[in-house]
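*Asks:* Sequence:
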Amino acid sequence: MPHLLDHYRETVVPKMMERFGYRNAMQVPRLRKIVLNMGLGAAAREKELIDDAVGQLAMLSGQRPVVTLARRSIAGFKLRKGMPVGAKVTLRGTRMYEFLERLVGVAIPRIRDFRGLPRTFDGRGNYNMGLTEATVFPEVNADKVKRVQGLDVTLVSSAQSDEEALGFFELMGVPFKRV
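According to numbering that gives the first Met the number 0, the residues represented by the sequence shown are 0 to 178, in order.
Simulated from the structure, these hints should not be mistaken for lab results.
One thing to keep in mind: the hints can contain errors.
[Unchecked claim] List of simulated lysine-lysine pairs, BS3-like, C-alpha gap at most 25 Å:
1) Lys176 <-> Lys14
2) Lys77 <-> Lys87
3) Lys77 <-> Lys46
4) Lys145 <-> Lys46
5) Lys87 <-> Lys46
6) Lys143 <-> Lys87
7) Lys32 <-> Lys176
[Claimed, not checked] The calculated label-pair distances, taken between Cβ atoms and stated as ranges, are:
8) Thr10 <-> Arg123: 37 to 45 Å
9) Met16 <-> Pro174: 19 to 27 Å
10) Thr119 <-> Met25: 22 to 30 Å
11) Ile73 <-> Val105: 33 to 41 Å
12) Ala69 <-> Thr10: 41 to 49 Å
13) Arg109 <-> Arg146: 15 to 23 Å
14) Val105 <-> Lys77: 31 to 39 Å
15) Arg146 <-> Phe113: 20 to 28 Å
16) Thr131 <-> Tyr21: 35 to 43 Å
17) Val178 <-> Ala57: 31 to 39 Å
18) Met16 <-> Arg109: 32 to 40 Å
19) Val147 <-> Pro13: 40 to 48 Å
20) Arg91 <-> Gly54: 15 to 23 Å
Every value quoted in this text rests on a predicted model; they were computed, and no experiment measured them.
For each residue, glycine too, the CB sits at the ideal point set by N, CA and C.
Work out the full structure: start from the sequences and follow the hints.
*Replies:* If you want it as structure tokens, here you go:
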């Protein structure tokens with residue numbers, strides 16, 4: 000069982016119940032899923048770069064990513080309907096908590112000149128962040144990467160408001176900028 004899940008049950012739930020006045024532990028926000036996405040853009044025409052991105056995502060997540068395809072043709076981008084434009088993977092359960100542990104404990108501290116994550120939520124308790132390169136994770140061997148790819152991470156919670164989500168993610172260890 001991931002340490003972060005124990006931390007959630009033993010520390011986060013009681014503190015959130017006290018702070019927001021929940022009467023039941025089931026009212027406390029929880030992490031529902033984490034979605035990892037890599038947009039490939041110009042690399043869509045090169046099969047080996049797509050395979051490289053899929054391999055990186057598989058290494059990070061521990062499961063096979065889905066290759067996303069273009070829904071429509073865009074002449075300005077030389078893109079045709081059905082061409083691969085990215086890869087994504089959805090994490091749930093123990094893999095989700097293990098990934099969040101690695102993200103907060105290992106990858107984010109390796110970001111150069113890191114001063115904290117911006118406090119931008121979507122209004123429904125979810126948090127989106129982008130990493131300029133996936134090589135901040137120790138699983139990704141920087142020498143084998145053909146092209147540095149960015150990585151979008153979406154943390155989906157059951158929080159009803161941005162204030163609840165901020166309190167929840169801070170207690171879970173996500174390092175936000177000081178206000």
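*Asks:* Take the hints in turn and mark each one as holding or not.
*Replies:* Verification of the supplied hints:
| no. | hint | in the structure |
| --- | --- | --- |
| 1 | Lys176 <-> Lys14 | 21 Å, holds |
| 2 | Lys77 <-> Lys87 | 22 Å, holds |
| 3 | Lys77 <-> Lys46 | 16 Å, holds |
| 4 | Lys145 <-> Lys46 | 12 Å, holds |
| 5 | Lys87 <-> Lys46 | 16 Å, holds |
| 6 | Lys143 <-> Lys87 | 20 Å, holds |
| 7 | Lys32 <-> Lys176 | 23 Å, holds |
| 8 | Thr10 <-> Arg123: 37 to 45 Å | 24 Å, violated |
| 9 | Met16 <-> Pro174: 19 to 27 Å | 23 Å, holds |
| 10 | Thr119 <-> Met25: 22 to 30 Å | 28 Å, holds |
| 11 | Ile73 <-> Val105: 33 to 41 Å | 37 Å, holds |
| 12 | Ala69 <-> Thr10: 41 to 49 Å | 44 Å, holds |
| 13 | Arg109 <-> Arg146: 15 to 23 Å | 20 Å, holds |
| 14 | Val105 <-> Lys77: 31 to 39 Å | 38 Å, holds |
| 15 | Arg146 <-> Phe113: 20 to 28 Å | 23 Å, holds |
| 16 | Thr131 <-> Tyr21: 35 to 43 Å | 37 Å, holds |
| 17 | Val178 <-> Ala57: 31 to 39 Å | 37 Å, holds |
| 18 | Met16 <-> Arg109: 32 to 40 Å | 34 Å, holds |
| 19 | Val147 <-> Pro13: 40 to 48 Å | 42 Å, holds |
| 20 | Arg91 <-> Gly54: 15 to 23 Å | 21 Å, holds |
In terms of the numbered hints stated before, the structure departs from hint 8 and from no other.
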